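K.L.:
One-letter residues, chain by chain:
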Amino acid sequence: MSELHNDQNKTPSAPSGVLGWLADRYHIQGLIDYLAKKEVPSYRHSFWYYMGGLSLLFFMVQIVTGILLLFYYTPGKEAYSSVKFIVEKVEFGWLIRSIHSYAANLMVFFVFVHMFSVIFMKAYRRPRELTYITGFILLALSMGMGFSGYLLPWDELAFFATKIGMNITESVPLIGPIMAGMLKGGPEVGFDTISRFFALHVWGIPILMIGVLGAHLFFIQVQGISEPDGFKALPVEKQKYVKFFPTFMYDDFLVWLIALNGLIVLAVFFPWELGPEANVFAPTPEGIHPEWYFMAMFQILKILPNIGPLESEHIGNIIFGLTGLILVLIPFWGEKRERLVSYFTIAVLAGLIIFSILAYHAVGKI
Amino acid sequence: MNFPVWLAGEGFIGFIFIFTKSVFTLTTLSAFGAGVFMAIGEKRALFDSHAGYREFMKKFTGFVLFIVTALGTVSYSALWIFYILTAPATLSTIANEFAWVWILQGFAYLLEVGSLFVLYATFNKVHKENHIDLAWSFAILSLITLIVSNATLSFQQSPGHWINTLKFEDAWFNASYLASLSVRILVSLQTGGIIALLAVSTLEKGKLKSEVASFAAAFVIYPFILLPFAALWFLATIDPVMVNNLASGFSGVESGNLSVLTRFTFLSVFAAVSVFLFTLLGAVINADGFKKAMAFWLVVLAFIAAGSTEYVRTLLGNPYAIAGYMYNNGVKLNDADQYSDGFLSKSKWAVIKEITEENRLAAGKELYTFQFSGAVVSGGYNSLLELAGEATNVQETLDLINQIKWGSESNLYTAYVPSFLGNDDEANALATFVAWKNGKYEASKEQLDFLRKLETNPSGLVQ
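Respectively, the protein sequence lines represent chains L and Y.
Residues 0 to 365 (numbering that gives the first Met the number 0) make up the first sequence, in order.
Residues 0 to 462 (numbering that gives the first Met the number 0) make up the second sequence, in order.
Chain L on its own, in the form it takes in the complex:
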């Protein structure tokens, strides 16, 4: 048995330092012992385990920078001028806004990577169905956070991209018009829409996210991190583990530190731009497009034809809805269809990449 594995079998000793101080006063020894016993497989694909932690990091960055932006941001008619004030007058305002915007995009990116890695490593299998489903809900909520936050600066790009998004929402069969009406707060995207998106962005979605995230983390803590087939197939003496606490946790912090450096480079060297103020009466400028994670859908909707009584947007919504449903139900496909799950996921991933590239090409960005 490896040296590492031997370490796991030792009885956790009484903590010293800050933990010891806390353990003396609050009965946390049980928690420390529990965490000390938890272990994470250590092998060549272990780096995928950091993707969830990175998503969490960027979520936390968004909360902190979002609170700072709230000190100055005013929804409604003054939305644009308040963002301009943040960017141009408030000390380090441009930096906070840039970090907030990049962290939002990086969070969605890492949630995507995390979800696909979970599917390919088959970590959705019994008994982790709920961990997977809560993760999938977090992806949807992250995209919702991105969509609702996109409008808030009320610049040209934000306005027209949201208008396109609202048209798509409106075309969802049955509930679409009601949903779009509730979100817009009137017949068109306007200042009332900003207030509603603001409420969703600052309160509604974050509260939901914190709740679902809590459940997601709870499931992981209770069930532990899954061991992929490749790891289980290794001879027992080669199956190495590291303690979750403190080894894996410290490693996670180091990965966070590197990610924060990447974030600061992006924010400092390529500050998030603020375009001209939105003019609701102006025609849609050329090259308007949504955020990168909606680009594939944007392109698919553009190329879909009308079929009989169904308009292209209806067909698109049915395709997206079904794809989402199939993905969320992956844990229930059964072991016999695991290969099919992999093929389906590869097809979805390839589709997302190819249609995104086509979309960027169509708007002249590549």
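Honestly, the hints are just simulated from the structure, not real lab data.
Given the structure is predicted, the values throughout are model-derived calculations rather than measurements.
Treat the hints with care, since some could be wrong.
In silico DSBU-like cross-links for lysine-lysine, where the CA-CA straight-line distance does not exceed 30 Å [claimed, not checked]: (1) L/LYS239 <-> Y/LYS204; (2) Y/LYS204 <-> L/LYS36; (3) L/LYS242 <-> Y/LYS352; (4) Y/LYS352 <-> Y/LYS436; (5) Y/LYS290 <-> Y/LYS204; (6) L/LYS37 <-> Y/LYS206; (7) Y/LYS290 <-> L/LYS237; (8) L/LYS237 <-> Y/LYS206; (9) Y/LYS436 <-> Y/LYS345; (10) Y/LYS166 <-> Y/LYS58; (11) Y/LYS206 <-> L/LYS36; (12) Y/LYS436 <-> L/LYS364; (13) L/LYS231 <-> Y/LYS291; (14) L/LYS239 <-> Y/LYS290; (15) Y/LYS166 <-> Y/LYS42; (16) Y/LYS291 <-> L/LYS239; (17) Y/LYS206 <-> L/LYS239; (18) L/LYS36 <-> Y/LYS291; (19) L/LYS237 <-> Y/LYS291; (20) L/LYS83 <-> Y/LYS439; (21) L/LYS237 <-> L/LYS335; (22) Y/LYS127 <-> L/LYS242; (23) Y/LYS345 <-> Y/LYS204; (24) L/LYS239 <-> L/LYS335; (25) Y/LYS290 <-> Y/LYS206; (26) L/LYS37 <-> Y/LYS290; (27) L/LYS36 <-> L/LYS239; (28) Y/LYS352 <-> Y/LYS444; (29) Y/LYS58 <-> L/LYS239; (30) L/LYS162 <-> L/LYS301; (31) L/LYS76 <-> L/LYS88; (32) Y/LYS204 <-> L/LYS237.
Residues of chain Y clear of chain L, computed beta-carbon distances all greater than 10 Å [said to hold, decoys possible]: (33) LEU165; (34) LEU225; (35) VAL298; (36) ASP334; (37) LEU453.
Some, not all, of what chain L presents toward chain Y, calculated at C-beta under 8 Å [claimed, not checked]: (38) THR246; (39) TYR249; (40) PHE252.
Every residue gets a Cβ at the ideal spot worked out from N, C-alpha and C, and that includes glycine.
Given the coordinates of chain L, work out where chain Y should sit on it, guided by the hints.
P.N.:
Chain Y alone, transformed into the frame defined by chain L:
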């Protein structure tokens, strides 16, 4: 202008230059820190019962030998080639002032490398106590090299009284000499610790790894605590204009208008703090688990910190090669008056001597190349093209060039670009070229043909 200008190209070559400079900075600075680590490390190995400790110290000495000799020498040679080609006038002035310093520096470096060879070759062949003395000898010789090289580097940043006295001792003991030396010594200890951590990451898990990792981490952590004080001291000793340049970028900046200097300062500070935190989390709190991947990322972070700090240091000095004495285009401020009635006619390496309508664009390019291309990249560190970016035509560009003309009292950009040297016709040619480069002027076919000839066959145009 007694020297030709070699344009290294934009972007990538500039990056290679900063990369090479960062390698050089890290490797040369690391020598003293690594020397102290080896001397104290060997002493600790004497009292440590673990047999592997001394073996580790031997391997580490070999590793330092490779870094100081191979990486140090290659990057040093590459930098010399860069400087000779891109800043010959500056090099010539420093050589005149610091001939003895450079000889001394070269001699100290040879002794330093020699002592390192001896240190490595005599492991387990001389008495252990004597070997520790050899390690101290290497550390002291490395410190001497650091002290000497610091004189030339700090002189460029703050020549102080030397501008008036031109005395050697004023050049050596310039205003920022001691402050910059303290910064370099602290960074040297840190880089020594980082190199030691790189070696530690190869050790097997266990008591020895844990012990050496904590010891090496101390070299990174304790100097970091002192570093902000040394940095503030350094800022207090350099020209206040440079400090203002640094400070003005920090508040109320519009998105996108943030100066390059401010961006790199942010990066430098953030990367330095990250190095500290990375070491604390990876090599102190979890010393036993310090892995190769962690060491790799630590070096990457240290590299970013060193690279961005070097870049900030270079930017702070602009537009001077020697502050208040010589512009980074090689023109001494004392010689500037003589160019008021014409620059091209007095420039030895200029192809165009008289400006016509046909060669106006090409003449503008020559003026731009000689005066504003900076030390390394054709855009310059502080680009005139960027400064004139908002001008909408040749006339507006010309207004700006007249504002930065030598002797102009309304020049707001003395800390940004060198003053323009030349007559009115040359100012017009430069404005034409800058406006054309920024897409604000449509050149005639004849002008473009002439420019092409200048770029492809300049010798055929010599007037």
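K.L.:
Let me make sure I understand: some of the numbered hints might not hold for this structure. Which ones are they, in numerical order?
P.N.:
Structure breaks hints 3, 10, 15, 22, 23.
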